[in-house]
Amino acid sequence: MIHLVDIVLSLVLLSILLSFGSSRLPVLIRVIGFQGVVVSSVPLFMGHDLSAFGIAFSLATLSIRGIIIPLSIYLAIKKVAIRQEVEPIYGHHASMLAWLGLIVAAAFISGKFNLPAINNHPLLMPTAIALLAGGMFLLMGHRNAIAMVLGYIMMENGIYLVGTTFSTSTRHIVEFGILLDVLAGVMIMAVILQNIKQQFDDVDTSLLRTLKE
Amino acid sequence: MVEIVFLIPFLTGIVAFFLPRTSGRVLLVLTGAAHLVLSLILWTGWPEPVFPAYFAVTPEGLLSLIVISLLFFLISIYTTAYLKKSDIRSENIFTGSMLLFLSTMTMVTLSDHIMVMWIAIEATTLASAPLIFTHRSAASLEATWKYVLVCSVGIALALLGSVLITLAMDIGGVDVPVSFSALTTAARQLDPLWLKAGFVFILVGYGTKMGLAPMHTWLPDAHGEAPSPASALLSGVLLNCAYLGIFKTHKIMVAAGLESFSGTILMVFGLMSILAAATFILKQTEYKRLLAYSSIENMGIIAFGTGIGGLGAYGAMLCLIHHSLIKSSLFLTSGNILLGFGSRLIEDTGSLVRRMPRTFVAFFCGFVGISGLPPFGIFIGEMLIIMGAFRNGHYVGAAIFILSLCVIFAGFANHALKISFEGYRTTVQMEESASMVWPQYVLLLTSLLLCFWIPDIFSRTITQAVTAGGGVF
Amino acid sequence: MIVSVILWFLAILLAPFFAAVILKVKAFFGGKKGPPLLIHYYTMIKLFQKGSVYSTSSTFIFKLGPVVSLCTAAMALMFLPVAGYRPLLSFHGDVIFILYLLGLGRFFTIAAAMDTASPFEGMGAAREAYFSIICEATFFMILILFFKLTGSLSLADYLSGSGPLGLWQTAGSPLLFVIIAFFIVLLSENSRVPVDDPATHLELTMIHEVMVLDHSGPDFGFIELGAYCKLFFYSAIVSRLLAPLNPGNPVLTGCLFIAALLVVYAAVGVTESVMARYKMDKVPKFILTSFVLAFFATVITLEFLK
Amino acid sequence: MLLNRNFTLMKSVGALSIAAGCLLGLYYAGLQLTLPVSARASFDYLHHFTIAFQIDALSAFFLVLIFGISLLAAIYSFHYMHQTEKSLATAVNYLFFSLLVASMAMVVAAANVITFMFSWEIMSLSSFFLVIHNYKKEENRKAGYLYFVFSHVGAMFILTAFGIMYFYTGSFDFGETAALTNTAKILVFVFAFIGFGSKAGVFPFHVWLPHAHPAAPSHISALMSGIMIKTGIYGILRIYALLNFHTPVFGEIVLITGMVSGILGVVYALGQHDLKRLLAYSSVENIGIILIGIGIGMIGVSSGKPMMALFGFTGGMLHLLNHAIFKSLLFMGAGMVHHKTGTLTIDALGGLLKKMKITGSTFLIGSLAISGLPPFNGFVSEFLIYLGGFEGTGLDRMAFISILLAIISLAIIGGLALACFTKVFGVVFQGEARSGAAENVDEKGLTMLIPLLALAGACVLIGVFPRAFVLMAIHGVSGIGIGFEPALLEPFIRLTGNITMASAIFFAFILAALAVRILLYRGKTITRSGTWGCGFTKPTVKMQYTGASYSASVLAFFSTVAPLREDHTGVEGCFPGHSSYRSKVNDVAELHMNAVIVHPVLALFAKLRWIQHGDIHLYIGYILLAIIVLLFFILGCIYDVRG
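Protein chains in written order, with my numbering: chain S, 1 to 213; chain P, 214 to 686; chain G, 687 to 992; chain B, 993 to 1635.
In case anyone wonders, no lab produced these hints; they're calculated from the structure. Since the model is a prediction, treat every value here as computed from it, not as a measurement. Heads up, a few of these hints could be off.
Capping the alpha-carbon separation at 27 Å, the derived lysine-lysine pairs in DSS-like fashion look like this [to be verified]: (1) B:K1599 / B:K1534; (2) B:K1128 / B:K1078; (3) B:K1576 / G:K749; (4) B:K1516 / B:K1436; (5) P:K496 / B:K1129; (6) B:K1134 / G:K971; (7) P:K631 / B:K1078.
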């Protein structure tokens, strides 16, 4: 099983790379959706508790993360037909290098902690950290509001990974609550995106700098 | 049946979305009243919640709860009058999200499970976002965008922090429910390193929500753009909720004997917030932003006091309560001013004393109270904090604290005097309806009363909360 | 007691006479014969016989002024040990009392001057007020010195009996500075040349004289008498310091005292004859020199007491 | 208190209630003053703290002061607050008036930190409202703001001092300070001195004072200048008594600041053109004198000279009382002038004495007293201070020099005060009216005249029969806790006796001289004519000597500390047209406060404003930054633990 988990995790890492590399919004969204699916399937492969209850929850999570959230964003874009290109503030190559640096740093940091969980899933901690940092990277690296939302989702994925894999004691219902929150958050963001589009007919956040001292 | 306290507003909120204007307003006030009654009942006999794993009645929670429901009741009354005057499209959304906001905040005060707490706080963000966006202007849109995104990111970090704390449990090898109360009792066995990490993430996360510098950046925009009742709720109680999260975590740290660690961090952030507030208060041009920054300042004061512990913690608790009362009254008053002068800029206002005498009284009393002068409660709170700081030998901290307070006072007084007395081009009186003034009066009077006399049960609750948070007498 | 009362009356009576000495000396320097020594008595009698003219803008202050200034001067004389005999009154700190009493007199003179709404009198008043500030500083400087020497704060202890002698023995040569300082104070307080020229005809340059321009008749007489008493007071102090020793029998003492007094008055006369009055802006510097002298004397004495 | 329907009724109720309260307070305070033991009362507060009051001799002395002056001020206010159209404002004014009196009483009676700070802030707050009573004037608003900020900052300093004390004692009560180290004691004293000094108007913390006092209504100015600033002195004395630590440092600090504020205060006063501003500055001067007295006392205590200490403290205390009396007298007189003429510009007034006999003569008495001339009360206290100083000349180098300077500066202050008040009296009340405003005035308003007469009477009374009051002051001093045996009282008895005798003789003289004068004038022709114009044929009132020119020469002497800014269009041509002259004395403290404190702070914070940059990426960056820094902090902790 362990190998399986590691393969899955490496898929996640790959998705991060893709997200950095992709220059078109729909692609980016798909990548995030894929990432969501993979991440939420991790617990299944780890096989914490394979009770029907747990599996049901995992599946629900998977559907929300993998389908509903990306879909909502996608619809938001569709409603407001906008430029499909997204340019990172710092071009592609820089992003690639950033990704490599990210992986290395993540591995290094996670090597510092001595955790029981890590011993049987060497890739897990680095992946989580990479997801977090990657999300941050997307958030700060893009002027495009949608890309920033996607970055937020990526962060959430990372945290979810950390949470679900480590703590046995958190209840599913709680996770589900969290998930609902995230969902609602993304929904609201989508609404705001539409409004931004109507206001400025663009989603470039550099337009949103009027409120300052 | 503790949960009912937040279930009722939840349901009514859902209902309110589909109601016409008038009945929506009525529902708002009714819910506020019902909520107040319920929380008072909750106060007298502490009943057991249905899901003890997730919810519990804690002293600090009760404190915030009572403040919240009182404030909400008064604000709802003000709101009805405010809505009559102001031009707000889609009013049902406004009232609905007000109620949802209330329910989520109540949930925060009652939640005991770490994750549930997180859920509730994130929910407050989501529920309050429509409130900020009420005016549908570009500026309000931007404010909402920043608010949602910055807070979500911050709170995501808080989630990570909560996860890390559970991790600390795993490593510490304790198997108790992941609730603050249980953790506080078992704090000693938790793994200190991960606990610290968890605290840090939670502090930054909820600190973002609470408005501690440098994560405070969303706050002035949101408070400035939201309609006044909403801003009153935001800075009056929302910040308290965020603080509650930090405070409970701090309790764990104290129980784990790490209060020097968490205390230092809290003090540093507190001072940073006060300094940041001073920076922007001095030359502020909009009075609502001014009030927002003053909220940041007060949150800084509270964090500082909590970090000090001892007397300071007690002072912080007092400041927390009184700040809610006074600041919300100030925001409501600012609503009157906005309606009267039709501008957010300070230089467009003036000679409030002649044009709206009753509003002036509320405004100036609020100013006096917020800048830490008697006979309002923040005075005693700040004094205790300073004394506590000296008592525990934080000379430098106290020095910075005092100096920046002086600067802030100078700046705030300057603006307040401008608004109240500066050039009266026209001395026509503006009409101010009673229901838009006496909520503020009630709030201020409450603060005044609490400065002199605190009911026994109340003070006992405060003391319990404080002693749990490392306060000693 | 009786003696001191008599002496006090004598002092008041003789004050005008001594003032006339100054005129004599000046006349001598001018190569003239000069007025008789009793000139002031004649003028005063004349004044007392006259009536008065009051300015329409004046009030009761104007009438009160002369009375107060006379009374303060006469009162000051009560504390003065004439010819080294115990004065009528004397208590710890009476010097300060006297100084402030004279201050009271000054206040009323100025008030009376301001009362007339005359620009020149106001000008004079301003100068009077200004210069006296520095004089007081000097006086107190000297007081500090004397207190260090005698440990007392009353004129009687300084000047009566063997007081001055004691001062000379303890302080020695620095006392000369003190005497000069005192002399300068005397000149400025009594508005003599080079601070002020009572004999000039141009109101612009006057200080004391211009302030009493509008007084006439008995009021003016009072003022004159007060001025003489004040002059006598200061010069008596100086003379006691000049001739410290007091031989046993009263006659000798009296003669010595009178001789010393004459010397002082003559000195004033000489100064007036050989000097012209300073420009108004130089006057403060002149008076400051007295302060400096006193300070100097104090410092030296204390150094060499240690 | 806020019944403003019927104006007169409201006024009378307000004035009467305050007056009644004051009378009651006065009675008890007097009782307290005679009682040897100190009363104490305390209440439970917020379940953890107590509000405690304690009245010892010191407090009682101040209480007598407070209630006495407030009583008169209340009476005075009845006719002074005459604007019927502003009845609401007047009602508010009365409200805060009573609040101010109450809080001042609480301040001097407070027995622990919380109580003290509470009453202190209430006092500042209510007096602030009184200052901006007439908020329509630009400068009044500025004054109010300045005062507000100053008092708050001062309070913060005081709080700091208490905080340092609390660090050692761990108790809010006044009293046990034995735990403090010497350096801590000095630190506490310095902070407290700055705090209280800013309230008392000590140079250079006096900046607010000349702005705020003229802004308030006159009876309030009397109250503030007469007693409110004395609470600062009270605080200094109280702290000194608490610390009970006799180092010469305290004495030197107090003495030197006293000298500086004394001289500069009166110099600036001489330069003012506004009557009430002038009086305000002269308050700074008198505070200086009081501090000189106290400083001499402190040095006396520290150098083991009980006589000197007693003289110094008693002189200070007595001067405190005297200043309260004659300063409120002068302010009320100024209020009368303003009430009738509508202006306070000195050079626009003149010749008021003819029309306002009572006001004029009481003002004259006040000026005589404030110039420290016998036989009025000002002299007695300065006399005592002098004696204390002379007692101190026996000390060694450092102390001796400072004492010497103190005596000299006292002398100079006396002279300058005389110049200053001859100017005021001469220009305002004498001569001819310089403007239409002062032409036709009367003096009505009985309740405004009663306090004037009462205060003037007090001036003479204390001046002639000082014994009882000196003993009272000594009793107050005994509250400071410096031990002295009753044998030391004997010289006071003697002195006061002497003063009484001397002044009696003096009055006898005056009467005699007057009698002689009447004798001489019997049956003589007394004619009235215009003033001798020295050759000018048509003297006009414009030709009178103005206050500005009166003080010009003295100011020139002090030009280094009192820079004089003057601008005038000179006289040109043979037939000059209009020519104007305007001069203003700048306050060095004010100038430097702006240059050294205010501008740098503003600049610094202006630099930091980019933080709120408006770019959301930056905001998220802040969050990330915070996290990273804190994580490093944790790692740092770990390494600390390890290494």
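Results of checking the hints against the structure:
no. : hint              : in the structure
1   : B:K1599 / B:K1534 : violated (54 Å)
2   : B:K1128 / B:K1078 : holds (12 Å)
3   : B:K1576 / G:K749  : violated (35 Å)
4   : B:K1516 / B:K1436 : violated (36 Å)
5   : P:K496 / B:K1129  : holds (23 Å)
6   : B:K1134 / G:K971  : violated (41 Å)
7   : P:K631 / B:K1078  : holds (21 Å)
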